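Protein chains in written order, with my numbering: chain L, 1200 to 1402; chain P, 2 to 272.
If you are wondering where the hints come from, they were derived from the structure by calculation, not from laboratory data.
Errors might be hidden in some of the hints.
Unchecked claim - Which residues of chain L face chain P? A partial, calculated answer using Cβ under 10 Å:
1. Val1256
2. Pro1259
3. Ala1260
4. Ala1262
5. Trp1274
6. Leu1392
Predicted, not measured: the structure shown is a model, and the values here were computed from it.
Virtual Cβ for every residue (Gly too), placed ideally from N, Cα, C.
Listed below, chain by chain, are the residues.
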Amino acid sequence: MWLLWAVIDGSRLGSVDPSGSADQEVIRRVAAGDSHALALLYDRYARAVYSLALRIVADPAEAEDLVQEVFSQAWRQAGRYDVRRGPIVAWLLTIARSRAIDRVRARRAKPDGLLMSDERRAQQIADPAEPQDQVVVTADESARLRVALQKLPMVQRLAIELAFFEGLSHSEIAERLEQPLGTIKTRIRLGLLRLRDAMGGAT
Amino acid sequence: MTAAAEHDAVRELSGLYVLGALADAERARFDEHLRVCAECVEEVRSLRAVTAGLPLAVPQVEPSASLRERVLAGVMPDFSRADTKARLKPASPTALPAWLAAAAMLAIAAGLGWYTVRLRDRLAVIEAQLQQALQRASNAETQVARASGAASEARATLAILSAPDLARIDLAGQPAAPAARARAFWSRSRGLVFAASNLPPLPAGRTYQLWVVTARAPVSAGLLKPDAAGSVNAVIATPPDLPTPVAMAVTMEPEGGVPAPTGERYLIGTP
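Okay, chain P solo, but in the shape it has when bound (with noise of 0.2 Å):
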């Protein structure tokens, strides 16, 4: 190619080039006609001004107040970093508990052919589960992420179900309910997604707890309510501080909920 064609062939690559969006190959030919083009080169300079730019266009937001402090500290002569490290760290995660560690083998192993619907079908049905057990759910009952109405829940499930970093765990039932399912969608920056079925009904003074289980403690995610099927549909905002889940679980216990969980487990599953 000569070098005019070989121009005409890469000049458009400068703004991918600079962006650092090009793939290997098309970045090392881009710079090989950089070591050729003054054309290219300075036009490759002025977009630069953009890139430098563009950091700094971003809404201006504060930091908390503690930032400075663990920032400052953290590089303090005397404070030792491998003291930090050491206690920021979570725990391994072979440090599971040993019922949740074969339950999750169990649900493994179970496979998970069993929800064989696409996603955007799903979708439609979740959307109708949701506005009936809304219907259903207390306030005081549920510790579900509320919007208000039916419609921003839709659109809160949207949000989670669209988001880049989604997550899917899916919960097959333990002994104490062999039939009932349930799958979760997590996405760290948009909450959590959560629709189980088949769950036995409720007795009275009691209440299902769903759970993320983390390397360090099971967090409580809220009191879920099954309808008369025994279906329940729940979306909630996590926390964004909240430990990767190494497994999610539902146990029945008493109403009200607990700090942590005591009860039956009904369903279990890992990412």
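Bound-form chain L, shown alone (with noise of 0.2 Å):
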């Protein structure tokens, strides 16, 4: 059943059109200013953004506030969308986590004594046009992270959730788990590393 929902949820974010071609046609009609497009659009990703957005922020209405304003960017930017790139779904998550990470930052009662390179990066990351490695995830390897994360030494796995969808900087994190930053530095590559190797299907 799992597995099922799995493989569903794979061919619902089109992360297994290798070609991207179909994403190529969607984003260029949006382009055009064809909302029927955007619509396609929000209901093949609505929910990987909405999901993503919860998990930062924590908060319901927040994280809708999040899935308008990354569609909203994505409605303006589309003309801009440089299809090496990679998927649109991971522009479109991408957007989302810099947003997402932007306000829980700003929660935040005190900033910290480090420049914080994430800060600068936010407007960078979700540029379209700027070109990245194409990464597909499939179903599959989605499903085995899931696994796989779970199943991390706890450290390791804190640090990871920490800075990925608390946007923590190398300092918070070694403060809030009470590790040296070297501890740090090396758990959260060995836990990617791991991570990395569980996607493939290393076991």
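Could you use the hints to bring the two separately framed chains together as a complex?
In structure tokens form, the structure reads like this:
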């Protein structure tokens, strides 16, 4: 049942379209001002965008605001979308993550002493014209990642989640988990390597 | 530093790098190294598969059905976006009622040095007072969030107090109760913890009512019944779409509460 869902989920997300041609066509029509094409994007990807936003901001109303912002930005910037960048879902999720983390950062009381690289990059990350490695995530990979994440040693998992979903910096993570900077650095790397291997099917 | 030594020194930054968690100086250093190291470039490339997958690995939740229409209406060419913005934008905070603005200035001037007990010590006190307050308050008279058992209330309190988005609001006694004090801790994601002391005893047929004053209109956060010592504690589940509080206030109202504040002000404070 779970596996069936994972396969359905993948095809809904369009992540098994290797040529990306379906994506290209939709985004071309969005850029041309076709609101039906935007509706198509919404129907395909709103759930994924909302789920990510909700995970980060932990507030349904704010998460819905973010979904609006993401599709609004996609509507405005579709004309500049570079197909080399990769699947559209990846672009939408990047915008979502960037904006969601901006919001949670704004909530926090005091700023970090160290300069936050993420803050500067927040604007660049979602730039549709910036080419990036094309990374397609299949449904199988996504499912394997979910499982592998739950199996990670606690410090590795927490550190990765604090960095990715809370937007904390290296030093902030070290402070929260009460670990030295060096430990956080190596644990995150080891954790990501392990996740990478699991995604690829290694056991 | 030799190229090999630099490689050994920075290679382990790759994880933080793909997660965007490096401080500027470290990121610049790693960027510099990537220009000359194929091995690290390859590792970064392979780790990007994980960062591409992580957003999809979160629990999938369907948004409300109404969101679709809101999103699409927001981009329709003949729908004036400026119009939407004007309607949704909350009133400027300077539209505070005069009495509130004046009282807020008093609260700030009175100083916040009253509360000197450390947070952790205070937790133990709150827990004890919570037990007492819960025993006294009846279900009909309070609107606090109730999990079964005082232990759950303590857990709810702790969850709120450890929230990353915690805001603190200190309330000062007004002329009706100069010795009264209160403190509220509010987390948008987790709720409100409220503790007051030295509130005068309630006359028959009256109750205290807690208000969250927003830029739009005061929202009732519940009814409060102090114990014999004039203390009351509450853990309140605030709606997630509650606008950010501009101030909090406690007024005295008729038994059962009222939809908007009408009675005398006893406590007022701002974040």
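Results for each hint:
Evaluation of the Val1256(L) hint against chain P yields a held restraint, the C-beta minimum of about 8 Å falling below 10 Å. A hinted interface residue such as Pro1259(L) counts as satisfied when its beta carbon comes closer than 10 Å to some beta carbon of chain P; here the least separation is about 6 Å, so the hint holds. Against a cut-off of 10 Å between C-beta atoms, the interface hint on Ala1260(L) holds, since the closest Cβ of chain P lies about 4 Å away. At a threshold of 10 Å, the smallest CB-CB gap from Ala1262(L) to chain P is about 7 Å, leaving the interface hint in force.
Proximity of Trp1274(L) to chain P holds as hinted, the smallest CB-CB distance being about 5 Å (cut-off 10 Å). The closest approach between the C-beta of Leu1392(L) and any C-beta of chain P is roughly 7 Å, which is under the 10 Å cut-off, so the hint is satisfied.
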